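**Student:** Spelled out, the chains give:
4 protein chains.
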Amino acid sequence: MANSKYEYVKSFEVVDKLLPNTWIVVRIDGRNFHRFSAENEFEKPNDVQALNLMNSCAVAMLEEFPDIIFSYGVSDEYSFVFKRTSQFYERRSSKILSITVSFFTANYVMKWKDFFPQKDMRLVPSFDGRVVCYPSNENLRHYWAWRQVDCHINNQYNTCFWMLVLNKGKTKKEAQDILKGTQTQDKNELLFQQFGMNYSNLPAIFRKGSCVFKNKVEEIVKHTESGDPVKRLRKKVVVSHCDVIEDRFWKDHPWILDE
Amino acid sequence: MANSKYEYVKSFEVVDKLLPNTWIVVRIDGRNFHRFSAENEFEKPNDVQALNLMNSCAVAMLEEFPDIIFSYGVSDEYSFVFKRTSQFYERRSSKILSITVSFFTANYVMKWKDFFPQKDMRLVPSFDGRVVCYPSNENLRHYWAWRQVDCHINNQYNTCFWMLVLNKGKTKKEAQDILKGTQTQDKNELLFQQFGMNYSNLPAIFRKGSCVFKNKVEEIVKHTESGDPVKRLRKKVVVSHCDVIEDRFWKDHPWILDE
Amino acid sequence: MANSKYEYVKSFEVVDKLLPNTWIVVRIDGRNFHRFSAENEFEKPNDVQALNLMNSCAVAMLEEFPDIIFSYGVSDEYSFVFKRTSQFYERRSSKILSITVSFFTANYVMKWKDFFPQKDMRLVPSFDGRVVCYPSNENLRHYWAWRQVDCHINNQYNTCFWMLVLNKGKTKKEAQDILKGTQTQDKNELLFQQFGMNYSNLPAIFRKGSCVFKNKVEEIVKHTESGDPVKRLRKKVVVSHCDVIEDRFWKDHPWILDE
Amino acid sequence: MANSKYEYVKSFEVVDKLLPNTWIVVRIDGRNFHRFSAENEFEKPNDVQALNLMNSCAVAMLEEFPDIIFSYGVSDEYSFVFKRTSQFYERRSSKILSITVSFFTANYVMKWKDFFPQKDMRLVPSFDGRVVCYPSNENLRHYWAWRQVDCHINNQYNTCFWMLVLNKGKTKKEAQDILKGTQTQDKNELLFQQFGMNYSNLPAIFRKGSCVFKNKVEEIVKHTESGDPVKRLRKKVVVSHCDVIEDRFWKDHPWILDE
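Protein chains in written order, with our numbering: chain X, 0 to 258; chain R, 0 to 258; chain H, 0 to 258; chain A, 0 to 258.
There may be inaccurate statements among the hints.
The list makes no distinction among identical chains, and a pair is therefore deemed to hold if it is satisfied within one copy or across any two copies.
Simulated pairs of lysine to any residue, SDA-like, Cα-Cα distance not exceeding 20 Å [unchecked claim]:
# : residue 1 : residue 2
1 : 110       : 28
2 : 110       : 237
3 : 167       : 181
4 : 9         : 19
5 : 171       : 202
6 : 94        : 28
7 : 4         : 58
8 : 4         : 245
Read the hints as simulated data drawn from the structure, not as lab findings. Given the structure is predicted, the values throughout are model-derived calculations rather than measurements.
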């Protein structure tokens with residue numbers, strides 16, 4: 000219904016369909032979460048409840064949007080991938096971006112009390128987001144590898160940094176200086192020698208980040224008269240902290256990339 | 000810091016800067032709010048508390064983002080305009096869109112209890128959004144006019160529709176048929192003759208929608224020794240239900256378009 | 000070198016890089032060639048010299064731009080594909096489009112005399128163009144199939160149409176009416192029964208269009224002292240009128256899609 | 000007519016309409032013209048016939064495309080502006096860009112003989128191009144100012160450079176070193192003291208570049224019986240080398256920006 004002579008302004012809107020037959024990744028990222036985590040007194044270097052809250056929002060995403068077939072999160076960021084063939088909102092970039100970030104944000108606020116029952120949320124949390132298309136499965140796998148390598152590098156650094164600050168009484172500046180130029184191996188040594196900590200024993204959720212995806216699980220539907228179980232495969236959204244760089248995960252879950 | 004051989008995937012990201020020297024309008028719209036408003040039993044045709052909640056979120060937006068200089072809302076949609084010269088996130092479209100919709104959504108959930116103290120929110124609310132640029136002040140004024148005409152048309156129709164359904168016992172189908180093809184004047188007659196209702200006496204918030212913007216208010220800072228007040232102009236975010244189609248509003252608030 | 004206070008206008012330019020790891024197809028199309036071919040008295044339904052001129056321009060393209068690995072032309076249109084990994088002008092869409100269409104146009108004018116030595120070119124020829132990205136090899140092969148099916152449909156129709164007009168004295172309107180609603184088989188019958196023409200015997204350049212690509216040819220570089228030839232594989236730009244819908248062509252020339 | 004199952008590939012094409020109500024500038028630029036001008040032995044620092052050829056192509060552009068209302072050229076570049084309200088090819092960026100650059104190129108080749116009757120053109124000339132939108136008249140005027148300042152800076156430098164090389168026997172490297180760090184005033188001094196040349200006396204086509212636009216000219220249509228002339232205003236494409244930075248030109252030709 001053309002409502003008025005003003006309706007021409009609609010013609011200024013832009014068509015922003017994403018290239019067909021490409022994986023659509025939406026990555027969202029906490030805005031000003033440095034301050035948000037400080038105000039809400041998140042534990043350093045990792046607050047496991049804050050991570051669980053993020054993961055719980057990701058689970059809600061996969062349950063709400065069937066076209067999201069895998070997601071990966073670390074710290075205050077989360078990436079979701081819509082399948083290659085997705086026609087979600089006709090692949091309009093703005094729609095996909097805005098709905099993803101909005102639904103995630105709503106869940107974050109609504110679920111807060113489940114993870115921090117004793118803390119009122121301070122400040123208004125918000126997330127920014129971006130959309131990126133990947134043409135090949137290899138490109139997509141490299142995307143997850145990129146994020147997981149980043150997780151490792153940041154977590155190892157932050158673990159050292161906060162151990163120095165919290166357990167050795169170093170200032171932040173001193174801790175930075177100590178870590179400047181160190182390599183992976185140096186940081187592992189530092190943790191072991193100064194704190195008796197074996198980095199690889201830290202919880203996987205910190206070291207590997209979190210994957211949320213649909214797994215195929217066998218479930219017993221009923222029993223036959225003779226008492227034998229009747230099973231079927233069902234897809235169930237699961238959270239896992241596995242390695243997504245090596246082939247193994249993708250070989251074990253071929254339906255993710257094959258659709 | 001180039002973290003790994005996988006980092007090349009970053010090059011697939013798209014630069015999406017909006018044209019400089021144009022007004023940036025972000026319009027957000029409730030996703031599936033037909034169902035959301037039904038589940039949460041919003042009053043029909045207008046739930047004043049639901050509108051007040053939307054307006055309160057808009058106020059929070061203007062207080063958080065100084066570059067938003069005017070906004071207009073009706074029903075479950077709200078439009079925000081960033082000033083022509085805004086360099087908010089370097090005018091990156093995805094950033095502006097995602098942060099706007101995310102911050103609005105977070106406020107919507109957080110403020111719910113203030114407006115519906117006796118109702119637990121059902122369902123997860125979310126909003127989609129889009130970004131549109133307008134080159135001239137005239138285009139921008141026509142944008143607001145377009146939305147306000149739309150508000151009028153929809154509200155008049157919905158008022159008739161729900162009066163027929165709620166007060167005359169018509170089915171939704173019957174109400175639709177009665178209203179099919181009617182003009183503005185016909186609907187006013189219908190309201191007056193069948194329900195004794197003068198449409199123009201309905202609350203302005205329903206008929207005109209809501210504007211949220213920074214008004215210049217004079218305030219007394221202190222008093223001189225002789226008791227005279229010392230005043231200054233301050234900008235204060237206000238909610239109003241005025242006509243934004245005619246010139247008057249814009250002449251009375253020249254700083255909005257002049258910056 | 001920032002030359003003046005006016006240089007800010009450069010910031011209005013748009014970054015338009017094409018998605019990496021996709022095939023870049025540029026399709027160009029004669030502008031107003033209906034009139035151009037009439038003024039220059041091209042033969043109907045096909046002017047073989049006009050087609051040869053187009054092919055010659057395509058050959059020049061492949062010789063000038065190494066990243067173009069295949070091209071296909073029919074009538075006054077030609078499509079060129081840049082390889083997936085191409086970094087030609089950093090994959091900037093405007094650069095790729097404008098240079099392709101400009102270089103093709105220049106060749107078209109310069110080579111005219113070689114193909115129409117007895118005709119002065121009338122009117123100024125020009126071409127429009129567009130850029131499309133294809134993520135998978137299958138998509139790209141379907142692109143060529145789409146164009147070749149189009150070639151077939153148009154050529155068969157045009158052959159019938161012009162036979163009716165030129166050899167049966169039908170008006171254009173009458174010819175249109177006769178052909179309305181006919182299928183492929185009907186048109187073949189018509190050509191055979193009314194004109195004794197077997198459509199499949201028409202020159203392949205008309206029925207199949209033209210492919211221009213780099214073929215691997217064996218050439219004798221020199222002879223050994225004992226007189227044996229020393230050969231090497233060399234890439235040479237060739238014109239061919241083969242089927243690009245079936246697998247065979249692509250199996251015989253695997254280096255085109257494999258790079 | 001959906002011709003086949005392959006036609007889906009058309010859905011990969013991108014909609015690229017330019018923002019309405021903005022000035023559309025297409026700037027084209029000679030590709031590899033450093034080499035092209037060397038091979039064709041253009042005079043240094045400026046070849047007046049090469050410039051006249053460029054201007055002649057620009058005139059052809061304005062005569063062919065009524066929506067182009069002003070253009071400005073210098074060296075091997077030319078900028079054309081389509082009026083704000085233009086609906087040329089529905090403001091599709093690819094169409095506008097490709098047709099502009101193609102038609103210009105065709106003219107360049109076709110007109111060569113008119114300007115270089117004694118020289119066969121060597122190499123195939125081609126041009127790249129880009130499209131930029133400007134929202135306000137001020138932005139557009141600054142665009143022309145930007146190009147004209149650039150013309151001045153480059154021409155002054157090139158004049159000095161080639162005088163040193165051609166008339167003082169300096170090597171190119173020596174000339175560069177002499178000019179490094181010099182200001183406008185220094186270069187004027189150099190030309191005057193070493194070569195007795197007053198820069199401001201050089202031909203305006205070198206110093207100011209060339210404007211091609213539609214001028215309003217009065218012409219005598221017929222004479223009345225009493226012999227009085229009957230005049231009318233007609234728009235005629237003209238070439239001029241005036242200053243487009245100051246207000247004067249725009250005040251004298253108000254129809255250009257007013258449409």
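**Student:** Within a copy, between copies, both or neither: where do residue 171 and residue 202 come within 20 Å Cα-Cα?
**Tutor:** Neither: 24 Å inside a chain and 58 Å across chains, both beyond 20 Å.
**Student:** Tell me, please, which holds for residue 4 and residue 58 at an alpha-carbon limit of 20 Å: within, between, both or neither?
**Tutor:** Neither: 46 Å inside a chain and 30 Å across chains, both beyond 20 Å.
**Student:** Indicate which option fits the pair residue 110, residue 237 if close means a Cα-Cα distance not exceeding 20 Å: within, between, both or neither.
**Tutor:** Cα proximity of residue 110 and residue 237: one copy only (18 Å, versus 31 Å across).
**Student:** Please work out whether the CA atoms of residue 110 and residue 28 approach to 20 Å or closer within one copy, between two copies, in both situations, or in neither?
**Tutor:** Within one copy, since 18 Å is at most 20 Å while 23 Å is not.
**Student:** 20 Å Cα cut-off: does residue 9 pair with residue 19 within a copy, between copies, both or neither?
**Tutor:** between (25 Å within a copy, 10 Å between copies)
**Student:** Which holds for residue 94 with residue 28 at a C-alpha limit of 20 Å: within a copy, between copies, both or neither?
**Tutor:** Both. Shortest intra-copy (18 Å) and inter-copy (10 Å) distances satisfy the 20 Å Cα cut-off.
**Student:** Can you tell me if residue 167 and residue 181 fall within 20 Å by alpha carbon in one copy, between copies, both or neither?
**Tutor:** within (18 Å within a copy, 58 Å between copies)
**Student:** At most 20 Å between CA atoms: does that hold for residue 4 and residue 245 within a copy, between copies, both, or neither?
**Tutor:** between (59 Å within a copy, 14 Å between copies)
Taken one by one, the earlier hints fail for this structure at numbers 5 and 7, listed in ascending order.
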